[in-house]
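Trainee: Given next are the chains, with one letter for each unit.
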Amino acid sequence: MHPAPVTAIVTWLAFAIPATASETITYAGAGGTFQAKLVEALLTPAVKLHQAELIQTSFRDVLPALKLEVQSGKPAWDIVQTGADSCASASRAGLLEPIDYKVVRTDGLPKEAYARDWVSPNYYSFVLAWRNDIFPQGPNNWADFFDVKRFKGPRALAAFPQGMLEVALLADGVEPANLYPIDVDRALNKIRTIKNEISVWWATGAQSAQLLKDGEVDMMAIWGSRVEAAVQSGAPVSFTFDHSIINYNCFAIPKGSAHKELAMRVIAATLTPEIQANIPKLLPYYGPTNKEAYRVGLSAEVVEKAKPFRDMQGQAIPMDVQFWAEHLEGIVPRYRAMIAE
Amino acid sequence: MERTYASKRSLALRRDIVLSTPAVTAIACGVLAPLVLMLLLSFVGRDGRPSGENYKLLFEAFYLTGLWTTFEVAFLVTAICALLGYPLSYYLSRLPAQFAAAALLLVLLPFWTSVLVRTYAWLVLLQRHGVVNEALLSLGLIESPLPLVNNLAGTTIGMVHVLLPYFVLPLYANMRSIPDIYWHAASTCGATPGQAFWTVYLPLTLPGLFAGLTLVFTLSLGFYITPAILGGGKLMMWANYVEFALTAYPHWGAASAIGVALLLVTLILAGLLQLTFRLSRRQKTQASGV
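One line per chain: the protein sequences are A and B, in this order.
Residue numbering for the first sequence follows this note's numbering, beginning at 5 and increasing consecutively.
Residue numbering for the second sequence follows this note's numbering, beginning at 49 and increasing consecutively.
Don't take every hint at face value.
Result set (EDC-like, lysine to aspartate or glutamate): computed pairs, CA atoms no more than 16 Å apart in a straight line [stated by the list, open to error]:
{"id": "1", "chain 1": "B", "residue 1": "K282", "chain 2": "A", "residue 2": "E201"}
{"id": "2", "chain 1": "B", "residue 1": "K282", "chain 2": "A", "residue 2": "E345"}
{"id": "3", "chain 1": "A", "residue 1": "K199", "chain 2": "A", "residue 2": "D189"}
{"id": "4", "chain 1": "A", "residue 1": "K264", "chain 2": "A", "residue 2": "E44"}
{"id": "5", "chain 1": "A", "residue 1": "K199", "chain 2": "A", "residue 2": "D151"}
{"id": "6", "chain 1": "A", "residue 1": "K71", "chain 2": "B", "residue 2": "E291"}
{"id": "7", "chain 1": "A", "residue 1": "K52", "chain 2": "A", "residue 2": "E27"}
{"id": "8", "chain 1": "A", "residue 1": "K153", "chain 2": "A", "residue 2": "E201"}
To be clear, the hints were calculated from the coordinates, so they are not data collected in a lab.
Just need the whole structure built from these sequences, with the hints factored in.
Mentor: Here you go:
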């Protein structure tokens, strides 16, 4: 080989390697449109700020998948995103790195939105939705959902108890302020009264929206953002935020992550008002946890869809994620047993 | 002479070892090792110490219900496969060879389509405002939609569709190998068509029948996708319990115990089916005095 090409290659390598060797952040979420939008709103700008490279992956069931990653000793994930109740469970199982709150600033965040080893970038919600071609007047609240005499027709609830026990208790007349700790027996008994009318217990967000679009059920408990998608697709569907159950999404760092420090800085960036303001813009019916985001100059239309999360009083009820982290393992088998009865 | 025989044998033995090594290694690493690991994990409790707590869990009403449901569905699916598959196999075996090949292709066609795709197709067909219900409604045959999916009915339909070829193939091969002359012989001896079927034809098809029944029954015990999609969250089979245990408990023990239980039960049942088959065969042989 001639020396010239060799020199050229060596020179090229010398310049090329540092340029492509920027640190990577591997982000794991539940996949689908939601992950794509959340990445577009929060992760892409945050990672760009730190000149890192984002790699995305997804899981089906977060806890077993996360446990496998951590048990391997070298988790491939640097940031995991899921529901705050799952983050709280993972925290109890010792699967997460503690958040360094010297790096991650929590100004503007309510105290429910962060814990020792996870922090919440956004809210989401469980709402009551119905086919308005079947019920033009609509069921107005969870009591109506449980009133199978006045509102005949098949219904759907989730196959997991988080949020479902809450709406059963609300229908049974429990005051929102007294929901927690949940009276599990009372909630399960309330659901038993309409069990024959529950034709589907849904497991995934995509499935839930499809049930309503196809008219497989006439009313259901469903994630607010998923109903929005069904409404957008032209399905005759309405919903109410009245007595919706508000939950948080969370970011956490799997124990042993190779890019822990960078992950910390990226998470910190996602909580700044400027980047938080992307949430209502790109994700209707989700809300930013940082209240300062509303000062960044959002249009009235955008704010309207995030209002329940901003005001957080009267209509919407925040979920107690710590309650679920502590009791989930005991409640889930009882909930599934009630379904199987 | 003897030495040649011995060296031939050792040569054959060496050849067998060489030829079987890749397959044995693959099975040992890919099947046996994970199974042993699963067995060990099933005896690890939540605190990481050896314990039988995972098996105790299986005796709770919730899990016993699941085991019962699993058998109920497996029996139902196997029975329907047998009722549909036996006449179908017979019909196929009577067709001239070239037609039989084409017809068999139709039976095999679903085999080559993803289970996931087929299962979702059933969801579209069977749902409340699906093709089947809308057709029946517009024909005036029913007044309100039938609950065909998100329940036992839907799961059974989906599983029969997936499993029917497993029943038909061994039975068809068996029936093809039965010469027509046995029918003729039976009728020459004065048997009515019914008698000829019960005393001559059916016993001859027992090997294929048992093979089909065993395949369908053991496969249905481990079904996961079909009940997950067509069961509406109400119908959980044993494999769905494995997933449930993985997500519900922060340790692998419970899910492993469920897996071990399914494996054991399946092995026992497959063994029992084999035993019944051998016994019935021996009886037949003795009765016919051969």
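Trainee: Each hint: holds or not?
Mentor: Okay, the hints, checked on the actual structure:
no., hint, verdict
1, B:K282 - A:E201, "holds, 12 Å"
2, B:K282 - A:E345, "holds, 9 Å"
3, A:K199 - A:D189, "holds, 15 Å"
4, A:K264 - A:E44, "violated, 21 Å"
5, A:K199 - A:D151, "holds, 12 Å"
6, A:K71 - B:E291, "holds, 14 Å"
7, A:K52 - A:E27, "holds, 11 Å"
8, A:K153 - A:E201, "holds, 11 Å"
The structure shown violates just one earlier hint, number 4.
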